[in-house]
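Visitor: One letter stands for each residue in the lines below.
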Amino acid sequence: MQLAEAVLGLVGRRAEAEVVVSSGTLSLTRFANSFIHQNVAEEGDAIGLRVSLDGRVATAKTTATEPNALAAFVDHALATAAMQPVDEDWPGLVEPTSTEDPGHVDEATFDASPTDRAAVVKDFVDAGDGLLAAGFCQTEGHSVSFANTAGHTARGRYSTAILDGIHQTGTSAGTGHAASVALGDLDGSAVGALAAQRAVESATPFDAKPGEYEVVLAPEAVGTIAVFLAFYGFNGKALEEKQSFVKLGEQQFDERFQMWDDVTDARAMGIAFDTEGTPKGRTDFVVDGVTRGVAHSRKTAKRLGVASTGHHHPGAEGWGPIATNVFVGGGASPVGDLIAGVERGIYVSTFNYCRILDPKTMVVTGLTRNGTFMIENGRITDAVTNLRFTQSFVDALGEGRILGLGDDARFADSEFAPGIMYVPTMRLASWNFTGGAGG
Amino acid sequence: MFDYATAAVEGALAAGAAYADARVVVSKTETINVQNQAVQSLDRTEQAGVGVRALFGSSWGFYATADLGSAQRAGERAAEIARASALVPGDPMQFADVPIVEDDYETPYQEDPFSISLSEKVDLLIGVTRTMQEVEGIAIATGNLTFYDTDKWFVSSQGHRIHQHLVESGGGYDATALGERESQRRSYPQSFGQYETGGYEVIRKWDFAGHAGRIAEEAAALLTADEMDEQETDLILEGSQLALQIHESVGHAIELDRILGWEAAFAGTSHLQLPKLGSFTFGSELMNITADATLPGALGTFGYDDEGTKAQRVDIVDAGTWVGVLSGRDSAAIAELPPGGMVRADGYNRLPMVRMTNVGLLPGDSSLDEIVAETKRGVYMATNRSWSIDDKRLNFQFGTEIAWEVKDGKLGRMLKNPTYTGIGPAFWASLDMLAGGDEWIHWGTPNCGKGQPMQVAHTGHSAAPGRFTNVRVGVRG
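Taken in order, these protein sequences are the chains called A and B. Mapping of the first sequence onto our numbering: position 346 corresponds to residue 360, and the numbering continues sequentially without gaps. Mapping of the second sequence onto our numbering: position 183 corresponds to residue 1060, and the numbering continues sequentially without gaps.
Please note that a few of the clues may not be correct.
[What the hints assert, rightly or not] Here are some chain A residues pointing at chain B (derived, C-beta under 10 Å): (1) 59; (2) 70; (3) 81; (4) 82; (5) 83; (6) 85; (7) 110; (8) 113; (9) 133; (10) 144; (11) 146; (12) 169; (13) 171; (14) 371; (15) 373; (16) 381.
Hint data in this document are derived by calculation from the structure and do not stem from the laboratory. As the structure is a computational prediction, the values presented were derived from the model and not from experiment. Positions of the beta carbon are idealized from the N, C-alpha and C atoms, including for glycine.
Here chain B stands alone, though its shape is the one from the complex (with noise of 0.2 Å):
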């Protein structure tokens, strides 16, 4: 596969291309759902190809072909395009400098996802919906797996050779139950389901089937539990939630294509700015964020990124001030800052961009329980159920699955349809305790959309609960 790589880049290059990388990846994802005991959906899907990229100018030219045999075309025809580009162009394109890599990188497994029988797998879905239904009032249960699994050549005009073979797997389930103006639902592991690198001992750890009841009669309750009113109070989220918060308002905030307006029209902007890295006060002394690619068994961890950059920890967020960001070569060397190592595609028919790794928060000395005991008047609030943020990241409102009024340390009656809004930095900076120990997990987001045309990431995000002090919750239109 190196030589269809190797030629996709000469090709490139003997088209005029000041630089060129190329891609061949060939992968295999095996999607279940399962609805109500029966399987809803069973879907495998095989892609192959090279995508190779050309630096012309100011301008990246990209060209991707599932013919394997065209690759020295497909390497002439992104050095074509891009130099089309000079037509509207700007500053050439300055690239940092990394280590020239030949190496190969192999996520760690015990279980290989695609050596479990289907039927295994179709048997533990139709066993947890089937507890969720057993349960009255729950109308819709549904349980999904997905595993991922993906080689990829990397080749550049520099000299790198990398191969990596990447394993991920993930899933889980939610009960909904239906009331005469209303649907409520409950998820597990988290929305979405959770995903993680590695095999199906991923699966198996999360133990699917010790939570379906508990989950289902959430679910029902919720239909008669008393709405969140709005108010001004202290908030306590879940660590799945946390994550989220994090994801949205940290880390597309710290991307450096953002920040420099390469995204602009579509994503958008950061409210961060170049030269307030270093002193812009993001949140309380508890902010400790890192973006580390490297963390064993989080959803975004890889050894290279794909452009080979070798994949590092960086520092994001020191006690509250912000010190770094997610970056590749050419957005680093605008920025003056080293490579990050967090350009990544999605699969060989795009171009690669700067993505999440693991952009997590480090973990506090505290407890959930803790926190709830140390809470005179509050809310705890579990489970995404909605994310909006505006276009610089910084006004966000979410809902989530289902709340617990918090009252002199203890947690009272069930709230539902909770929602909470802020701005980031004020929010960040009301953190006033934080969970750590086996309350910290590397939480996975699987459906992380950005770029034109679109592309989904995998990102992780490690947390634990965490109190916000003075949040307005219960906002509904």
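So here's chain A without its partners, still in its complex pose (with noise of 0.2 Å):
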């Protein structure tokens, strides 16, 4: 809080300011063909400032805390925003309001050192008992500082464990996924032995038939459809520019479709408010299939009339308020009891390279990976070459389309980023596969 009130010292009564500083080490241990290749950690601070003359305003980050360098940080960023129009949409400061820190903290995970990181690896690469292993250990540990001229401040600690990879035989690959805020967690063991037998059952895969089939996606699937849901769904930004499939109030899914975000639930991963120091709670996407919100910063908020929900971040401005402590809601089913109920469909480990066709539709392209399986008669059956799909997740998650939720809610890893997604095992009517990934 220091660094974070010496900025706004300098900045005095020249403009509205806000500034968040945040603190930590991030180390991440990266392992193929069995070996640790790549470690890597650093530390420091990132400074990140806001100033307002009267709603012109810029932003400026910086690593330098030396305080000539901030001193010229601060007048450089109140010259830059002389020289703007006047945003008129400028929402000005959050007022001063109470920030509980949720304690998603664990101080061995925050200190953790590079022999720590390396032990679950080592775990990982000997579950595959000879198999090629390669992915990644992830330790951060992070304070994080907002103050602003109105007087409002807030801080939060946090730390995040993350494991995430593959085994390999030499014809197929099998993942395996886990996240918490204690490394002590993670069990390296078990995540690498699932990943192992993905890859072992994998083995020798066939073409299936491009077309529509029934699946079974497991949790890392699940969390590639949220992340699109969230980023340009459930989005005030492109809600307000109409570039957004929701709309507010309607019956968009099927009734067994929960989805929210809320970073005070006890298995959530972060801190408690954004980058403007709006304070998060929990924010409902969807209730019973029913559309009822999107994230919103101060600025969204305003445009449409509500309150924001605490989802502003550096590049809001862009790409609008984005949820990442995001919830999908489980079932009662044990993952056996979803793939006995089907007659004949696909079972889908991870998708990869996944891509928005148009986001009013939520027309996604991209392919499986890494245990791809046919279901036939209520048992896995055989593996699959990976399959390219071209599928509106809107569509795929629409009435009548969600045939069961599994009883293994958890953080998965999409391609884009590990930790902010708590999703179930998800079996659908339908999913559109257009091609081989081998032709």
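Given two chains presented individually in distinct reference frames, assemble the corresponding complex, making use of the accompanying hints.
Guide: Shown next as structure tokens:
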């Protein structure tokens, strides 16, 4: 907080200002071909400043903390703002309000050593029993301080630990993933064993015929769907600009579908305020299939006449506010039961390289990866070569399309970011596979 | 600044590293975003710090700090981190020799982009968004400019001392038309803008004001255009889309770290296997690809890479045959190839890794007009809208913003939501006409993601329009 207040002191009475200071360490141990090949760490302070001179707004970031550099940093931000036209939608600053730190922190993870991470990697690699392993183990510990010239302050600390990897047979790969606030929660052996099992079982894949299939999507695949819904759909800027599929109050999804954002949930990771200092609570996006809300920053909230939900981030002016503590409601079905209900379908471990074709219809193309299997008469029969799909994610979750939800909700990785989606396995009525990855 | 880098290297060596290098990086970035004639964001980011890399056995250890005064300690930490990797060891990392250099390099540029007034830059973007908004049906008009100024001081335990000053400039704009159940977008000069090494002259060269009206009119017209039918037909790609095709289906596939499996869990591997280097048929005889970090003005141009290897041109595909890779000193040593000088890092706080330089398709002797005239039945697609490719860089599906039907040698009706799909080598084998001359442009990609933690690289891809035969187009869900 000292650094944030020092920056505000340099601004003085010259402008409205808000400062976010993040201090800490990010460490990542990366392995491939079953050995650690890249092992990195970085530490330091990152300062973000936003100033407003009667609505003329500029932002600046720096890693420099030396007094003269900070003074020059502040002066430059103010000079830049002075040259801008007035932003008619400048929402002003958050007034003083209380923010409770949810305490998503584990001190041992905050100070985890490279040896601690290497031990988790070793367990993952050993679980493959000679298979070729690749992946990473990351630990992070950061303290974040916020202060603005309206007198509002907030602070929080968080830690994260992530293990993500694959085992490879030469003809196939299988994936495993775990995330928590505590490195001690990561079971490298169990995650590695699941990856190895998927790799071995998919070692002799066949080319499935493209077409519509019933699917059972593992949490990583569901996490990708949730990322796209949050990024392109439940986004106040996209809604205001009519680029989102969202129609508030309408039954846009199957009644089994629930999706919300809540950093205060005991299972979540992160801190409970955004880069504008707005406290975060629970934001419901979909309740019983009915679309109920979107993520807002102060600016998008002002434009639509609602309150900010605390989802501003450094890129929010362009991308819009985005939720990063997302939950998708799970069910009571063991994964085996979900598979048992499928007469003919496909089980997908993960999606890969997914890209939006049209945000209004949420049509996305991508591929399956690291474990794709045919389901016949209620059981997994053969491995399937990776498939390309082109599918509307909204249509896939539409009324009557969710046939089951697993009891296995957990943090799932997606190709975009781990530790932001807490989702279950999902059985869906139909998915449009348009071709095989091998041609 | 060399002293800080030297202290970091000495710290790593004292802690037992077999080799170490360090980069002190001081950078500033200015980004201006305008939407509908209003400044959406104006940001200036400054970074300064030292990143040190230490080799110990089979692993790199890397540590970065913004506190230059603790550079020696950072070196010690890098060595400690590398040493901890011994719990899961591999074969000792090899490291190819390169000339030991003391040198200084600066990007040639005419106008320092940071010396141009903010008001001139903002006025340019407000002007183009105003022009686009004047077209009926345009709901969102955005424009952006970004400028990078980076100083790097590199020191290695083998004696390198290299300073580089790199200047990069770029930007672009787009118009979005909103229909009842769809949105259509057109961009200029290409999707995400055009970026090059150089100063503000890059922006002036692209004549932002001169194209805004046309771009907006095309976006609006797309709302009522016919949907592209699914079919197999001849496909003519506009230059910037062909540049992205090169980036995704060639550039990443030839990265030696991917081929060696170092990126298997995240970015993926490659369908290319080293024993086939020199014999594998990647495409038709018109396919001549180089990785050339010396091209004046191209975005992937520099003096030395981030492990002190001089920028160079490497042949990648020669008349359709795969002959080269993108490599660094460690990966090249394993593959027993000369190091290509293609290892770069995103800032002081990231580990250098194999990245594309300027991976481009050498020009042909035709032109877009000639290609269209020679095409009896096909489609012409321009400006990327979506891109997706599998983890071995084989199966791709791309969407573009716009297309036109080609019939009996002439461009016909406009088509919306165009896509095409294929398998890399089969697609490249169908390349049968290629433009050149002034249609050969060094397109820049400023947003290439790779690595963990994520790194964003700036890469270049020279390309001119080309024709591919019998391609599956119009695939949608």
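Visitor: So which hints don't hold here, by number, going up?
Guide: 3, 4, 6, 7, 8, 10, 12 and 13
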